[in-house]
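S.K.: As a plain string of letters, each chain reads:
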Amino acid sequence: MSEYAVQLTDDLLRPLLKTSWRFWTLVVLLLGVVALGLGAFAYQVDRGIGVWGLNWPVFWAFDITNFVFWIGISHAGTLISAILRLVNAEWRRPVTRCAEVITVFALIIGAMFPIVHLGRPWLFFWLMPYPSERQIWPNFRSPLVWDFFAISTYLTGSSLFLYLPTIPDFALVRDKTTGLRRRIYGILALGWTGTTKQWHRLESAMQIMAIAIVPVAVSVHTIVSFDFSMAPVPMWHSTVFGPYFVAGAIFSGIAALIIAMASLRKFLHLEKYLHPVHFENLGKLLLMMSLLWGYFVFAERLTTWYGNQGSEMTVFWQTQRLSFAPLYWTMVTVNFIIPVMILSFKRLRTITGCVVASFGVVLGMWLERFLIIVPALSHKYLPYSWGHYRPRAPEILLLIATFGAMVLFYVLFSKVVPIISIWEMKIGQHPQLAHEHETADQKAAMWRTHP
Amino acid sequence: MTAMYGLFDKPDEAQRAYTGLKRAGIAPREIAVVSGEPFEAFEFSHRDHSMILFRLALLGGILGFLSAVALVRGTELAWPLVTAGMPIVAWWPNLVIIFEMTMLGAIVTTVVSLLVTAKLPRFKKSLYDPAVSEGKILVGVPAASDTIRDALTSNGASVVKTVEL
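The listed protein sequences derive, respectively, from chains A and B.
Numbering-wise (this note's numbering), the first sequence opens with residue 1 and increments by one.
Numbering-wise (this note's numbering), the second sequence opens with residue 1 and increments by one.
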């Protein structure tokens with residue numbers, strides 16, 4: 001094995017084989033944050049959903065915002081990874097697994113919220129569309145049932161998309177460990193040895209999965225947007241919502257991926273593998289999505305303003321000038337102005353620059369989901385049906401806990417699974433062998449990644 | 001069953017051993033090549049190329065599609081609930097469910113096909129050496145003879161081992 005491959009294996013297996021006190025401190029801290037959320041949830045279950053700030057006419061607020069936000073964040077991984085695999089972008093190799101993990105955990109967190117929102121979560125199985133003896137048959141004309149199918153498909157596909165290329169790495173860890181760990185990794189590796197047939201089947205399967213997962217990912221956020229756009233609520237009933245939501249999801253997803261990669265780079269000392277060029281490339285993608293997001297917002301706002309329908313203009317002015325304006329203009333600043341100002345210039349498109357822009361985008365995209373939901377519900381049609389919404393402690397704690405849970409899952413995952421695909425990195429080490437058919441540009445990009 | 005294998009440092013040595021074994025009269029399907037990463041540029045990797053997974057994924061997609069049509073149509077006809085003036089069997093909204101189940105069918109079939117065709121999970125003893133994880137490439141056959149040993153050693157095998165499977 002070459003010196004590079006030995007170093008690569010050692011570096012990427014180090015977090016699995018050695019545990020520092022800092023890891024446990026972080027885990028305990030994050031468990032504390034998650035426990036706060038669980039406590040808030042337990043309180044809500046005990047006292048009823050009235051402990052939230054929800055009140056007529058605003059029956060969807062923080063929880064559905066969280067749902068849409070986390071489903072959006074989930075677009076970071078599988079979609080980006082699948083696209084990069086399909087176009088055979090060499091710089092994807094250290095990025096894909098970091099991204100795919102985000103998808104699975106963000107989907108799990110996001111998909112929890114409809115259950116949390118039920119009020120009686122122990123009856124969650126009523127959501128499942130099976131013909132039951134209670135005669136509550138699924139209504140396939142409801143977007144909420146579409147959600148169930150779309151999220152289940154995406155979660156299943158994303159989990160498998162994450163697991164399959166991990167099998168050879170599990171086999172590697174199996175061979176490097178002893179005792180119980182060896183047995184567990186042996187089971188996860190499914191007896192993988194690395195025959196030519198196994199490699200070929202794995203690569204074919206990944207290609208098919210990549211082809212299949214892209215339309216599924218697009219469909220998921222389109223269907224989440226249908227939860228709103230199918231309803232005759234001012235500012236919701238819009239044909240642009242599908243692509244607008246998908247673009248926003250990819251936008252927030254890339255931002256989350258940049259933050260995750262920068263954290264891994266710093267805390268797991270992966271500077272040799274997560275290079276500035278990866279952040280620069282993702283920064284360019286983030287810039288493109290920021291411009292696309294700005295375009296969608298402009299198109300949506302202009303159409304509403306030009307149409308000048310009374311009910312829509314009420315909601316419109318709430319966000320532009322009245323009570324929601326501070327949140328709205330914060331959103332525009334952190335989603336559009338700051339990312340464009342930072343990422344347009346190569347000199348600022350550094351790791352720090354990308355991370356600063358990404359934190360802004362994550363905040364901005366959460367605000368965007370909130371501003372789609374609450375102003376429209378609180379100012380629906382005639383003034384007698386208007387109302388106010390103010391979040392209460394359980395909702396805020398639940399929101400904070402979701403971020404804690406996401407980081408906790410990510411930290412634990414990177415403790416038990418190599419967070420960068422070792423075998424895929426090794427392939428990238430042999431450009432002259434494995435990539436004879438690539439263009440000069442692709443080879444040059446790869447050599448920048450693995451000098 | 002007795003098997004013999006050699007461990008190689010480089011893929012071109014493994015390729016030479018593979019060719020040497022073929023010249024010694026061993027059928028290509030009998031020769032196992034095991035590595036810690038795929039080597040697509042070498043002939044020994046090409047013999048297992050097949051489109052079977054793509055065909056099975058398509059079949060899975062068709063099965064998913066048919067199941068979805070049966071589920072939505074059957075359910076709607078069995079419980080004819082009028083919703084928002086839509087027909088009982090409303091194909092526009094049903095298309096969403098049909099699309100998702102079609103893709104799910106293709107995805108699940110791909111994974112099941114991968115496991116079946118790659119013979120996974122496999123927990124009984126097979127031709128393998130933990131040195132593969134160290135970067136070695138294993139070339140072996142489920143037989144042992146001096147001819148095989150010569151083909152392996154003359155092409156650069158750093159170690160040749162005989163094992164019982």
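Treat the hints loosely; a few may be bogus.
What the hints assert, rightly or not - Partial chain B-side listing against chain A, Cβ under 7 Å, derived:
(1) G36
(2) S67
(3) A70
(4) W91
(5) I97
(6) M103
(7) V111
(8) V112
(9) V116
(10) R122
(11) S133
(12) G135
Unchecked claim - Across the chosen pairs, the derived CB separations fall in these ranges:
(13) B:A70 to A:S159: 18 to 28 Å
(14) A:L26 to B:T147: 42 to 52 Å
(15) B:E164 to A:F124: 31 to 41 Å
(16) B:E30 to A:V277: 54 to 64 Å
Bear in mind the hints are in silico, worked out from the structure with no lab data behind them.
For every residue, glycine included, the Cβ atom is placed at its ideal position computed from N, Cα and C.
S.K.: Could you run down the list of hints and mark each one as holding or not?
M.R.: Here is how each hint holds up against the structure:
Hint status for G36 of chain B: holds, given a least beta-carbon distance of 6 Å to chain A, under 7 Å. About 12 Å separates the beta-carbon of S67 of chain B from the nearest beta-carbon of chain A, more than 7 Å, and the hint is not met. This hint is violated: A70 of chain B has a C-beta 12 Å from the nearest C-beta of chain A, more than the 7 Å allowed. With its C-beta approaching chain A no nearer than about 10 Å, W91 of chain B sits outside the 7 Å limit, and its interface hint is violated.
Of the supplied interface hints, the one on I97 of chain B holds, with its beta-carbon coming within about 5 Å of a beta-carbon of chain A, less than 7 Å. Checking M103 of chain B against chain A: minimum C-beta separation of about 5 Å stays under 7 Å; hint holds. Hint status for V111 of chain B relative to chain A: holds, with the closest Cβ pair at about 5 Å, below 7 Å. With a cut of 7 Å, the hint placing V112 of chain B at the interface with chain A is violated, because the nearest CB-to-CB distance is about 10 Å.
Evaluation of the V116 of chain B hint against chain A yields a violated restraint, the C-beta minimum of about 9 Å exceeding 7 Å. Among the interface hints, the one on R122 of chain B holds; its C-beta lies about 4 Å from the nearest C-beta in chain A, closer than the 7 Å criterion. For S133 of chain B, the interface hint holds, the least distance from its beta-carbon to any beta-carbon of chain A being 4 Å, beneath 7 Å. Given the 7 Å rule on beta carbons, the hint for G135 of chain B holds: about 3 Å separates it from the nearest Cβ of chain A.
Hint check: A70 of chain B to S159 of chain A, Cβ distance near 26 Å, so the stated range 18 to 28 Å holds. Look at L26 of chain A against T147 of chain B: about 59 Å separates their beta carbons, and that is not inside 42 to 52 Å. Against the hinted window of 31 to 41 Å, the Cβ-Cβ separation of E164 of chain B and F124 of chain A comes to about 53 Å, which falls outside the hint. One distance hint, 54 to 64 Å for the beta-carbon pair E30 of chain B and V277 of chain A, is violated here, with the actual separation near 45 Å.
The structure shown violates the earlier hints numbered 2, 3, 4, 8, 9, 14, 15, 16.
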